[in-house]
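Asks: Chain residues, written in single-letter form:
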Amino acid sequence: MTMVGDAISHAVLPGIAIAYWLSQSRASLWMFLGAAIVGVGATIVIEVLRKKLRVQSDASIGMTFTSLFALGVVLITYWSDSVDLDQECVLYGEIAYVPFNLWLVDGVSYGPIALWSSGALLLVVLLYIIVGYKGLKMTSFNEDYAAVLGIAAGLWNLSLMSMVSLATVVSFESVGAILVVALLVAPAATAYLFIQRLKPLLIASASLGLVGALGGYGLSKVLETSIAGSIATVLGALFLIALIIHSLSARKTNGYAVEA
Amino acid sequence: MIEKSIEVHNLTVSYHSKPVLWDVDFSLPTGKIVGIVGPNGSGKTTMLKTIMGLMKPDSGYTEIFGQPLDKVRERVSYVPQRESVDWDFPADVMDVVLMGRYRKNNLFRRISKEDKRIATEALEKVNLLEFAHRQISQLSGGQQQRVFIARSLAQQADIYLMDEPFVGVDAATEDAILQLLREMKNQGKTVVIVHHDLQTANEYFDHIVLLNTRLVAAGPKEEVFTKELLQEAYGGRLTVLSKLGDLISTEEFPLREPEFKENKPEK
Chain A
3 MTMVGDAISH AVLPGIAIAY WLSQSRASLW MFLGAAIVGV GATIVIEVLR KKLRVQSDAS
63 IGMTFTSLFA LGVVLITYWS DSVDLDQECV LYGEIAYVPF NLWLVDGVSY GPIALWSSGA
123 LLLVVLLYII VGYKGLKMTS FNEDYAAVLG IAAGLWNLSL MSMVSLATVV SFESVGAILV
183 VALLVAPAAT AYLFIQRLKP LLIASASLGL VGALGGYGLS KVLETSIAGS IATVLGALFL
243 IALIIHSLSA RKTNGYAVEA
Chain B
117 MIEKSIEVHN LTVSYHSKPV LWDVDFSLPT GKIVGIVGPN GSGKTTMLKT IMGLMKPDSG
177 YTEIFGQPLD KVRERVSYVP QRESVDWDFP ADVMDVVLMG RYRKNNLFRR ISKEDKRIAT
237 EALEKVNLLE FAHRQISQLS GGQQQRVFIA RSLAQQADIY LMDEPFVGVD AATEDAILQL
297 LREMKNQGKT VVIVHHDLQT ANEYFDHIVL LNTRLVAAGP KEEVFTKELL QEAYGGRLTV
357 LSKLGDLIST EEFPLREPEF KENKPEK
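Those protein sequences? They're chains A and B, same order as listed.
If you're matching positions, the first sequence starts at 3 in this note's numbering and goes up one per residue.
If you're matching positions, the second sequence starts at 117 in this note's numbering and goes up one per residue.
Careful, some of the hints might be misleading.
In silico BS3-like pairs for lysine-lysine, Cα to Cα no more than 25 Å straight-line [unchecked claim]: (1) K343/B / K220/B; (2) K187/B / K120/B; (3) K301/B / K201/A; (4) K148/B / K120/B; (5) K220/B / K232/B; (6) K241/B / K229/B; (7) K201/A / K229/B; (8) K220/B / K172/B; (9) K148/B / K187/B; (10) K172/B / K134/B; (11) K172/B / K120/B; (12) K53/A / K172/B; (13) K187/B / K220/B; (14) K172/B / K187/B; (15) K172/B / K54/A; (16) K301/B / K120/B; (17) K201/A / K220/B; (18) K229/B / K120/B; (19) K148/B / K241/B; (20) K301/B / K241/B; (21) K53/A / K134/B; (22) K134/B / K54/A; (23) K220/B / K53/A; (24) K301/B / K187/B.
Just so you know, these hints were derived from the structure itself, not from any lab.
Working from the sequences, and respecting the hints, build out all of it.
Replies: Now the structure itself:
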């Protein structure tokens with residue numbers, strides 16, 4: 003799943019470029035639609051390569067996202083005369099501009115668009131996890147066994163990848179295509195060092211993500227630097243600290259085991 | 117007429133457009149421990165996966181209790197190869213066994229007390245109750261195998277299909293599993309096992325399907341476990357053949373020196 007998040011965040015680039023070129027506007031709705039279509043499309047391509055054509059799973063992910071990302075880069079540079087789309091903005095995002103991109107209805111501001119889109123995403127993801135908890139758990143652990151029970155494992159898999167795609171697309175507007183991967187992976191990887199049960203793991207990951215975001219924001223204020231970069235740095239640091247604590251405590255328990 | 121548990125009709129299955137099973141046709145009785153035996157690459161696992169609907173045949177079909185799989189899924193349970201899943205998945209033993217209670221139509225409902233009771237009972241049967249809240253990554257190979265069997269038991273099916281359940285488990289666990297299988301058989305359940313070890317096949321199973329891409333033989337073990345048929349299945353593999361010679365003569369002359377019997381060739 004880590005690789006899939008990485009893949010999707012890169013693969014959506016041509017979707018954004020094409021949407022931008024077609025609509026000639028930077029309205030996030032169009033970009034979002036373009037990205038979402040290509041994102042889900044990429045997950046389907048990966049699955050087809052892996053399942054139907056029996057390409058190794060890392061190879062099918064690697065091929066799909068590099069090809070699509072390359073296509074995106076080509077499209078953006080090709081249209082660079084007519085399209086005012088900044089590659090760096092897509093890759094790195096800029097969370098600091100979020101407050102300026104307001105949702106205006108008849109001149110009345112309802113706050114930043116990103117706040118609303120991320121809030122909606124949070125609700126959708128929460129609902130998805132709560133409703134789909136058993137199905138997701140079962141099909142992620144043992145797809146074949148689920149399939150034998152008549153559970154549509156393929157559909158579950160596709161829905162999960164689509165949700166990852168959705169989350170990535172909505173988030174990278176603020177944090178960019180590269181850092182969104184840090185947000186997908188780092189909190190879960192850190193929590194997994196200490197927690198190996200699914201429900202607590204999910205809660206701990208989400209909390210760590212929050213800690214990283216707040217901490218990163220604080221760091222960027224102090225250092226007057228990129229917010230998204232700081233968040234990812236804090237998440238990376240948290241993981242490193244957790245890893246050190248984990249390996250130290252593992253050594254300690256091993257020591258006791260030898261004594262006992 | 118005895119009810120048939122599994123019927124396989126003119127089944128041909130291929131992988132990468134090479135046939136793995138070729139025109140295989142047999143049926144199995146109920147209430148027996150059945151071994152699917154054959155050399156490596158003879159299509160044993162493919163056979164199981166096709167019966168379970170995980171692989172699509174090129175031609176032919178399979179039926180369970182005289183019906184297509186979709187009509188009897190609840191009555192069929194699958195124990196995949198232990199290596200087929202990631203044991204680092206964040207779950208404890210109870211979580212996995214409870215998956216045996218998951219159904220297509222209860223996937224969006226909470227796990228009931230009844231489900232928990234059945235899962236606990238299943239854990240008790242495989243002697244893992246004290247490990248109920250153990251992390252699955254911290255189990256030994258034999259314990260992992262027993263977790264899979266407990267999950268399958270929790271499903272309360274009538275027919276169990278197991279892929280190499282004796283691989284990588286110690287002798288004590290192997291005995292415990294075998295004991296359990298016999299208990300299941302006595303309750304009228306049918307157990308079908310993919311098994312690669314000829315040394316133990318004769319001892320474990322009542323009924324044997326001998327495969328080597330084509331069907332070599334299927335029937336009660338006395339009829340199938342003969343020198344001629346085994347040679348046909350393993351033909352050309354001389355080292356295996358010489359072991360077979362030992363094996364069969366052990367069967368034919370039970371009054372051997374005890375130390376000779378101990379001296380089973382390593383696989």
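Asks: If a hint holds in the structure, say so; if it doesn't, say that too.
Replies: Hints, verified against the model:
Distance hint between K343/B and K220/B is unfulfilled; the C-alpha atoms sit about 46 Å from each other, more than 25 Å. The straight-line distance between the Cα atoms of K187/B and K120/B is roughly 16 Å, inside the 25 Å bound, and the hint therefore holds. Among the hinted pairs, K301/B with K201/A is inconsistent with the structure: their alpha-carbon atoms are about 37 Å apart, more than 25 Å. Only pairs whose Cα atoms come within 25 Å are accepted, and K148/B paired with K120/B is accepted, the gap being roughly 11 Å.
Of the pairs offered as hints, the one joining K220/B and K232/B holds, with about 18 Å between alpha carbons and a cut-off of 25 Å not exceeded. This hinted pair checks out: K241/B and K229/B have alpha carbons roughly 19 Å apart, not beyond 25 Å. For the hint linking K201/A to K229/B, the alpha-carbon distance of about 19 Å falls within 25 Å, and the restraint holds. At most 25 Å may separate the alpha-carbon atoms for a hinted pair to count; K220/B and K172/B meet this at roughly 21 Å.
Of the supplied pair hints, the one linking K148/B and K187/B holds, its CA atoms being roughly 22 Å apart against a limit of 25 Å. Our distance criterion of 25 Å between C-alpha atoms is met by K172/B and K134/B, whose separation comes to about 14 Å. Distance check on the hinted pair: K172/B and K120/B sit about 22 Å apart at the alpha-carbon level, within 25 Å; holds. Distance hint between K53/A and K172/B is fulfilled; the C-alpha atoms sit about 13 Å from each other, no more than 25 Å.
With a C-alpha separation of about 13 Å, the suggested pair K187/B and K220/B falls inside the 25 Å cut-off, and the hint holds. A C-alpha spacing of about 17 Å is found between K172/B and K187/B, which places the hinted pair at or below 25 Å, so the restraint holds. Among the hinted pairs, K172/B with K54/A is consistent with the structure: their alpha-carbon atoms are about 12 Å apart, no more than 25 Å. Between the alpha carbons of K301/B and K120/B the distance comes to roughly 15 Å, so the proposed pair stays at or under 25 Å and holds.
Among the hinted pairs, K201/A with K220/B is consistent with the structure: their alpha-carbon atoms are about 22 Å apart, no more than 25 Å. Taken as a hint, the K229/B and K120/B pair is broken in the structure, with Cα atoms around 34 Å apart against an allowance of 25 Å. At most 25 Å may separate the alpha-carbon atoms for a hinted pair to count; K148/B and K241/B meet this at roughly 19 Å. Straight-line distance between C-alpha atoms of K301/B and K241/B comes to about 14 Å, which keeps the hinted pair within the 25 Å bound.
A C-alpha spacing of about 17 Å is found between K53/A and K134/B, which places the hinted pair at or below 25 Å, so the restraint holds. Simply put, K134/B and K54/A have alpha-carbon atoms about 15 Å apart, close enough for the 25 Å limit, and the pair holds. Between K220/B and K53/A, the direct Cα distance comes to roughly 22 Å. Compliance with the 25 Å bound is thereby established for this hinted pair. Between K301/B and K187/B the alpha-carbon distance is near 23 Å, which keeps this suggested pair within the 25 Å criterion.
Violated hints, listed in ascending order, are 1, 3 and 18; each of the other numbered hints is respected by the structure.
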